[in-house]
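Residue numbers (the numbering used here), protein chains in the order written: chain D, 565 to 830; chain A, 8 to 186; chain R, 11 to 276.
Just so you know, nobody snuck in bad clues.
Here's a subset of chain R near chain A, in silico, CB distances under 8 Å, partners left out:
#1 Tyr23
#2 Ala24
#3 Ser60
#4 Leu71
#5 Asp74
#6 Ile75
#7 Gly78
#8 Ala80
To give an idea of the interface, some chain D residues facing chain A are shown, with a C-beta separation under 8 Å as derived from the structure:
#9 Thr573
#10 Pro575
#11 Thr576
#12 Pro691
#13 Gln695
#14 Glu699
#15 Arg757
The hints are simulated quantities; they were obtained by calculation from the structure and are not laboratory data.
Every residue gets a Cβ at the ideal spot worked out from N, C-alpha and C, and that includes glycine.
Single-letter residue listing:
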Amino acid sequence: MRTVSAAETAPTTYPWAVHAEGLRVRAGRHLAVDGLDLALHTGVHGLLGPNGAGKTTLMRALATVLKPAGGRLTLLGEPVDGRGGLGRIRRGLGYLPQQFGFYPRFTVREFVEYMAWLKQMPKTVIPGATQRAIERVGLADKAGARMKTLSGGMLRRAGIAQAIVNDPAVLLLDEPTVGLDPEQRMDFRELLRDIGVDSCVLVSTHLVEDVVAACTDVVLISEGRLVYQGTPDDLVRQGGEGYPGDSPAERGYSALLRRHRTEAGR
Amino acid sequence: MSAADEEELVRRTAAGDRRAFDELYRRTSPWLLARLRRRCADDDVVADVMQETYLAVWRAADSFAGSAASGSAVGWLWTIAAHRLVDAFRRRARQNQMPAVPPAETVAPAAEDEVMAGRVGQELEQALLELPPEARQVLRAMVLDGLSVRETSLLLGLPENTVKSRARRARLALREALS
Amino acid sequence: MTAHPSPAVIARYADRAANLDEVTAWSVEVHLEDCADCRALVADSTTDDSRALLARIGTALDDDIAAGPAPARRRRWSAARHRWLVWHLVPWTTMTVAVLVCAVLLEALQPSLPSLVALLAPVAPLPGVAIAWSRRHDPAWELIAGTPAAGLAMLLRRTAVVLAVVVPALAVASSRTGVSLASTLLPCLAFTAATIALGGLVGVHRAALALGAAWSLAVIVPAVLTAELPVLLQPGSSLGWALLTLALGGLAAARPDNFRRLSSLN
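Generate the whole structure from the sequences, applying the supplied hints.
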């Protein structure tokens with residue numbers, strides 16, 4: 565038996581889990597995200613774009629690791645601005661960065677438990693949540709192995725485990741399939757589809773097939789701006805025979821980029 | 008046979024004692040089966056959930072034993088099982104299979120049960136009786152089973168805002184009935 | 011514990027086909043969470059097909075357990091250890107201790123110099139504090155920076171680890187060279203508090219560098235050149251240093267929200 569607080573049953577007042585208006589974020593001195601408008605609700609959203617489009621910078625800003633230089637960013641109904649109060653947002657976030665560093669002496673279980681503790685999960689809940697996260701990514705056999713003994717794909721999966729351990733309402737994954745073999749990638753897509761049933765997932769990836777297979781929504785950005793947002797089928801419809809690409813989705817992708825560049829006068 | 012024995016069984020399981028684990032299974036699985044069946048009409052799902060739960064206990068008994076200072080072994084056994092059940096329902100929701108929620112049971116207690124006073128407190132029972140069954144279902148998932156709003160919405164196949172409004176109405180009704 | 015239900019009620023609870031109303035079932039379930047004897051009654055009342063189902067689950071469990079590894083024992087106190095033993099601080103604290111040792115030796119060799127230990131005491135903890143919260147030195151920094159626990163508490167915990175090494179070293183060094191403990195420890199603590207307070211505004215790295223450079227240029231160099239202890243470090247100034255420490259500590263504690271944003275300043 566537990567008590568249910570009034571705050572928990574208060575009606576949800578915000579329409580979007582992630583809402584950015586005119587977002588500007590600097591990466592070093594360069595303005596990597598320049599006036600981006602983005603609205604994401606529950607589901608799996610694939611983030612596509614050429615190199616240097618600002619995908620990683622956008623992820624870092626959404627993960628509240630980087631402070632936006634301008635514009636408005638609202639996560640889970642709370643504004644992310646200079647004034648504090650990030651604790652509540654961060655408790656509902658999960659983030660896997662592209663460059664994923666770790667403490668080599670930790671075992672997989674210790675690592676996920678440490679991250680769960682940092683996310684301020686109640687202490688009694690941590691062991692169960694850790695075991696569940698480790699099983700969901702398929703690392704149950706390696707739970708006692710030290711991080712430095714893991715291969716690249718297993719490390720990535722350990723990173724995904726720490727991102728999902730607190731059942732986040734907003735999950736941000738930057739290139740999560742790097743180093744995964746095709747079978748592991750299929751398992752990962754299953755996991756993504758599961759998580760996308762009741763939370764907002766943003767997956768940044770270079771592989772267009774990953775996006776089409778697992779995502780309910782595609783977000784295409786280029787040079788720090790939003791180029792296109794729609795379903796994978798709509799993406800395919802944008803393309804045609806004249807555009808480069810080995811699959812209908814890739815053709816749609818190159819079609820959209822080309823049109824965006826000609827409109828921008830390039 | 009007392010409750011302390013179950014925590015001791017968990018500690019021995021953590022040390023790799025297979026017999027202690029089997030004993031734990033023997034003692035707790037009938038109760039877990041009965042409880043899960045009242046939340047899910049599909050026996051295959053229930054069997055899968057129980058298998059995953061006990062496997063998790065076997066693999067991670069050490070972590071549970073360390074933190075069992077607060078809460079009983081049976082308490083977190085239910086927590087593991089409840090989360091696995093929600094995960095199974097989530098998978099079905101994704102595959103667009105309707106989750107197998109058992110039909111609402113009869114509302115009025117039989118005469119002999121009314122004799123059993125003071126189980127959860129008569130006023131609370133009376134108040135629970137007066138709630139509409141949908142609100143009672145939401146309350147059971149959140150209060151008794153310890154699930155969050157998101158998990159309750161998956162378990163019962165309802166949108167989150169519906170779960171929240173029913174929970175709010177239930178709280179108001181209970182507060183009125185108990186005051 | 012609530013009162014025991016009658017065996018008939020428990021038998022109906024255990025039997026799925028039997029009719030049991032929701033409210034009675036609710037009280038039975040609340041009771042069963044605490045009472046092992048009634049749980050045993052449930053076990054006795056299971057129907058035959060339920061027993062068959064449980065046996066099937068049992069054999070499937072046997073297969074799963076045989077296929078996987080034995081339960082791994084976690085290392086004792088691993089959680090507390092991982093929070094407090096911050097390995098990437100070790101090289102810097104070692105360097106600090108080594109510098110103090112050199113200072114002691116130098117003083118023994120060159121008695122004409124003013125007390126090097128007293129001169130170095132304020133800047134001794136700065137290298138450790140600077141990299142306690144640094145992107146370049148903490149391998150898991152990107153992951154930690156986005157968690158709700160990342161803030162003043164974490165910075166203070168790591169600073170405490172640094173001080174736990176530096177303060178005893180300073181105590182030993184000051185007793186070897188005959189300098190009073192107050193004149194080395196209090197400036198050390200004051201500068202630590204100053205680094206943290208200033209770090210909330212401009213970043214801990216920059217604050218440590220600025221304070222270290224300022225102290226070296228303004229105090230250490232003139233003292234070595236003129237071969238006399240500066241006014242600031244005369245024995246009577248201890249009270250001033252103590253008050254300064256408290257003031258700066260209060261300043262840092264008053265604005266904890268500054269530290270949630272520390273990530274952007276690194």
